[in-house]
Amino acid sequence: MKPVREGSPWRGLWAVVAKEMADHLTSVRMGILEAIVLLTAAVTLYMALQNLPSGTSEFLFLRLFTTSQDPLPAFVGFLGFLVPLIAIALGFDSINGEFNRRTLSRVLAQPIYRDALLLGKFLAGLFTLALVLTAIWLMIIGLGIFRLGVPPTGEEVARGLLFLLATIAYGGIWLGLAMVFSVRFRQPATAALAAISVWLFFTVFWGMLVGLIAQGLAKGVFNQIQLELFLARLSPNTLYAEAILAFLNPAVRAFGPLVPLQLIQLQWAVPTPLPLSQSLLLVWPQLTGLIAGTIVLFAIGYVLFQRQEIRA
Amino acid sequence: MSEIVIETQNLTKRYGEIVAVDNLNLKIRAGEVFGILGPNGSGKTTTILMLLGLTEPTAGSARVLGFDPMRQPLEVKSRVGYLPDQVGFYDDLTARENLAYTAKLNGLSRPVAQRRIADALERMGLADVADRRVGTFSRGMRQRLGVAEILLKHPQVIILDEPTLGLDPEAAREFLQIIRAFKEEKITVLLSSHLLHQVQAVCDRVGLFSHGKMVLEGTVPELARQVLGGAYRVHVRAVGPDLTQALHKVPGAVSAQKLDSDLYTVEAQEDIRAEVARAVVQAGASLLSLSLEEPSLDEVYQRYFQGVMAV
Ligand SMILES: Nc1ncnc2c1ncn2[C@@H]1O[C@H](COP(=O)(O)OP(=O)(O)OP(=O)(O)O)[C@@H](O)[C@H]1O
Ligand SMILES: [Mg+2]
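Residue numbers (numbering that gives the first Met the number 0), protein chains in the order written: chain A, 0 to 311; chain B, 0 to 310.
These are computed hints drawn from the structure, not numbers from a lab. For clarity, every value in this text was computed on a predicted model and none was experimentally measured. Just so it is clear, CB atoms sit at the ideal spot from N, CA and C, and this is done for glycine as well. Everything hinted at is true.
Here chain A is said to cover these stretches of chain B; the calculated rule only asks that three of the stretch's residues, wherever they fall, bring their Cβ under 8 Å from a Cβ of chain A:
no. : region
1   : 47 to 60
2   : 64 to 73
3   : 100 to 112
The following block holds chain B by itself, in its conformation from the complex:
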């Protein structure tokens, strides 16, 4: 197993009576893309700020790349790139000038800074507008400039707080591409988001936050198994005798339901399309179509919070 890059132990943050983060234990491995989700006010941003040493924990401890963010924030911040949920730039300066300031704060020498700034702007598709005032930038351009700033540091870890907030679908899709590219470069990524299908699309593992606690953690299929029981659904269209019983007996099937005269749904822990097909044919029916629906984070999320509400 690869090394742990971010680790927290009973990390807690209280604002007076409000417990924003409650005894959080989080482990993120090198090269992983980890998504944190949860309703508004569940403590995602607070957790991120504590990891960067920007907010002091009330109790517990954190380690980022082996450094303590409270005691060694400079070490942490020089290796971690952070995109805040609301990223702002100096409107009167150009994109290049904004990045030059960041480079200086990071102690980069001028030639190194110039090269890295040019590379970062190029990579984020901002080379053409590099010398335009940021005041004229759209939200998406600012967001990309925020990522360019991160790239400048050559970070080992990247933390993104709701990076696709307010982006149009195309821009959001591009953003997910960028995150995938980070993964190829073996950079560890921690991102928070409300957009579940996006999280599902890029994250290796996710953690579900609720009231400051991480209530669920794992890969999407793992969570689906925990919350939904069956995580995969096989939709079967077949004409012939009633198949409900036969489908129920397929190895691996959790449940089988008849939805319509010739439409059935089988829930399972894994992809059992082959077994289902065989069972349909053996039962003497003719198979018209067979499709697999992978577990969706949306459903996990909804079902989990419905369950919590019901209790």
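Chain A with its partners taken away, still in its complex shape:
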């Protein structure tokens, strides 16, 4: 079968990461997306500060992310589509772009394995995403401190960081998907369209389908709810929504069927907040689900890329 390869598959990895990150950070495409995220953050933060309940001081900083003013959703509501958008924008032309510029064979003729190129591009995308999100996160917290006049508590910081982490993992899934399509399709436009279609499918249609399928297959009401919950969680959107709900709303102790991201709202009063460790335990499966999904998608892209003929 396949011969044993010699030498490290990761040779050249950091060279690729550095080059790709520099590309992302200086590209017009990312500039536009950063501007949108910044605008969203500024507007939703302003709304949140206007609408913070007076008198409560519990979890104020978490409310900055989740407080909304009709008709606009809160910051987390926007993240539900901004993160996939950025992730897809970072990945949809990563391999086919090299191919079309005819740089692929030249780069792979250097002493590196394809592994390093693919992982390097993936990591560069993920780091860029993480960088943007972290910057926004810091900005919101920072402005929050400035306007509220109090520092966040340790638990708020911890919950906020976990929320950030879950968001990055959620982006990882879409980045992985976009990269799979960038290997599979020669045309970047096709790859972008395919990735956006998948996102639309999960965002718009999956919820409806889940209801229909569960109705058709289930025996009994209880069974139907169980099945619905299970099916809904096949969507990364559900996993992400549940994860950030648990982190940003300490009152959540269990999940009902389908929480649309846009409707996440922290109750004004949190009667018996769950300790952080319990919240973490509650969404551990969701978090691992997001990360596992990312790894699976990367593996699919890896297998496709290894088999691909690199010449035009």
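Following the hints, position chain B with the ligands against chain A.
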């Protein structure tokens, strides 16, 4: 005899039904300039990709500088410079930045890389445009940048796939100069091309590919002898008695033909101008001119494929 640098044994590549490379046995010695030619789709690029470990052979094996390209591609690729048939660069980066990326991928330290990049750009005449975006480069400049990238690695072997494709005659001529310079530096060169006179001008040996097989191999005179019989032609202009018989008897002559009242052509295995001159004078004719036409690869190529078609 010097050592073998590139060697393949029954190297085969199939794409489904299509056999792109068919049991290829190739040996290239150190310091040699070897040209591979053949019609479109005869397997030249596929062979090159297999030598670099960029495509997996279906069967057979290859060795480059003693390394197996499938098992030890990093060893091979760090010693071999490759110019693909369609070379592309990152248009948004400058020439220098493009090369800096390659240098990094090759694990060169920054000071070494900087020095080598400057040298390579200088040598390829790109020093003036080093900090210009490659997007503004012409085809010829890109091609030279491709060679600069190869130089950066200080390679022992250089593989060029149709390097002069799309270059104007002057640029192509410069390119041949560059290849000759590689030869002076004792670098082994493997190049594929369709431009036969160019191949003839720089290559020590050539291999003719057809349907994935190397059907002919050797120096140009060797091939000419195999395919054309007589490889050299002596053109004689002389007035006097008919010389056809006399020229035929010249030692070394394969055939002699009268083309015009005073024009004859003698085909021979080697340069027999002296013998021909003597024969003309002995036959009592006056010699007006004598010229030698060396065998041309063009002719070999044409004649070979005509022969194949006829069969
Ligand atoms: N990815 C592929 N899938 C199927 N067939 C392929 C593939 N790549 C190459 N081939 C076939 O392999 C054969 C050899 O192709 P190759 O590119 O090696 O020829 P070549 O001698 O370099 O031709 P050219 O002079 O046009 O560059 C051709 O018949 C081609 O159609
Ligand atoms: Mg070719």
